[in-house]
Structures are given as structure tokens and as C-alpha cells.
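Q: Protein chains in written order, with the numbering used here: chain A, 1 to 113; chain B, 1 to 115.
FYI, nobody ran anything at the bench for these hints, they're computed from the structure. Among the hints, erroneous ones may be present.
[As the list claims (entries may be wrong)] DSS-like cross-link-like pairs, simulated, lysine-lysine; straight-line CA separation at most 25 Å:
1) A:Lys3 to B:Lys41
2) A:Lys3 to B:Lys36
3) A:Lys69 to B:Lys41
4) A:Lys105 to A:Lys52
5) A:Lys108 to B:Lys36
6) A:Lys105 to B:Lys19
7) B:Lys41 to A:Lys108
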Amino acid sequence: LAKTTQPISMDSYEGQEVNITCSHNNIATNDYITWYQQFPSQGPRFIIQGYKTKVTNEVASLFIPADRKSSTLSLPRVSLSDTAVYYCLVGSYSGAGSYQLTFGKGTKLSVIP
Amino acid sequence: ETGVTQTPRHLVMGMTNKKSLKCEQHLGHNAMYWYKQSAKKPLELMFVYSLEERVENNSVPSRFSPECPNSSHLFLHLHTLQPEDSALYLCASSQVGTSGGDEQFFGPGTRLTVL
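Pulled out of the complex, with its shape left as it was, chain A reads as follows (with noise of 0.2 Å):
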């Protein structure tokens, strides 16, 4: 299985940018890096997907070095209400019946006025 470690909490100002890191060194070669947003009391939000190189779309950026041990999420102009936990996510289905699906501990992101 695949583990993800990522810091425990960052605090960013309105309107920066914030990168938070998730390290997943085991990650296997069908795997996927999924992204989710959680806020109180709610379920997990997709953000982004992607599997090598770079992924953007309308609210994230995703960051993947050629060795895949690691992701950048990467939110351009943070505002009050993107504070929230985010969890990185490494898994794949293999097509053989089995899953491994492994979130990290998330990384609470406080944006401050």
C-alpha cells in the first residue's frame, strides 16, 4: 500500500499562493494522485487528478516530478474560504478485484484576512 505524508497544517494570507507537498514514495506504477478538499462536518470534494508531469484546471494546479515519490497542489490566490483539510490521495484500480486506496492524514490550510 501506498503511504502519503504531508504536513500537518499551513497558514497562508489572502491572495497567495499555496503549495502543499504530499510524499508517497512507495507509489506503484498504475497508481494515481487524486486531490480532495473537506470541509467541517461535510464529505471530501475531487480537486484534481493526474498521474505525471503537470495538471491544471479551474481552481488547482497539480505538480509531479519524473521519479512520481512526490505531488505539489498548488492554489493560486488563496481566499478565506479555501481554508479547509486537504488530502492527497495514491491509488489505482488494478482491474483484478482489489483496491488500494490510502488517504493521508490531511493538511489543514488556514487562510488569514
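Fit chain B to the supplied structure of chain A, relying on the hints for placement.
A: For chain B alone, coordinates are given in the frame of chain A:
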């Protein structure tokens, strides 16, 4: 209803009770999941039903029993729970292919308290 719904949203039960959590997905997905989220602990995958196969986390006690009668409905049957089972139970669904990653859509969760 849209997305993934869960009922009840809150549940308080004694250790000798039997109850069930229900999840329904309206997204046409072919996989459904149960997760447990305890305070200050990582999200723990409990069970997966995908393409009519069931996958379970071997660390989940037998007092939790899943049921998936069709691709849209998922239940978690609870019996003789312990206070340490108090947690937020989250259901999710996704559309999986034969390989690769998938985006999971989560429900709002059921907050379970075992007395």
C-alpha cells in the same frame, strides 16, 4: 435528488442495537465505497463494491456488514458496536474502468455516536 445522498445524517445507538446506514447515488456510477472518519485520523476505506465485486479492508471488524443490492444503493449494517466506532461514516461513488484513477463523489456522511 442529485449526487450522493446518505441517511440518516445523525444516529445515536446503544451497543446492543442493530441499525443500518443507507447511501444512494444518482450519478450512474459503477462503484460505491464506505469510509470511516474518526477524529484526528485519516480517512479509512472500509468496503468497495465495484463492477459487482466486493473488496473489503481486512482490518474492519465483522460488526460492520455491507450490502449492495444494486449499483445505486449501498447499506452498512451495524450490530453490537463499540463506543470507539463512533465516527463520521462517508459513502462515495465513482465510475471506474479497467485501470487507472477515478474521481470519487462523496456524500455528506452519517455522524454515528455509540453509547
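Q: With reference to the structure, classify each hint as holding or not holding.
A: Verification of the supplied hints:
1. A:Lys3 to B:Lys41: This hinted pair holds, its Cα atoms lying about 14 Å apart.
2. A:Lys3 to B:Lys36: Given that 25 Å is the threshold and the Cα spacing comes to 18 Å, the pair holds.
3. A:Lys69 to B:Lys41: Given that 25 Å is the threshold and the Cα spacing comes to 23 Å, the pair holds.
4. A:Lys105 to A:Lys52: Roughly 22 Å between the alpha carbons, so the hint for A:Lys105 and A:Lys52 holds.
5. A:Lys108 to B:Lys36: holds, 19 Å
6. A:Lys105 to B:Lys19: Since the Cα atoms of A:Lys105 and B:Lys19 sit roughly 29 Å apart, the hinted pair is violated (cutoff 25 Å).
7. B:Lys41 to A:Lys108: holds, 13 Å
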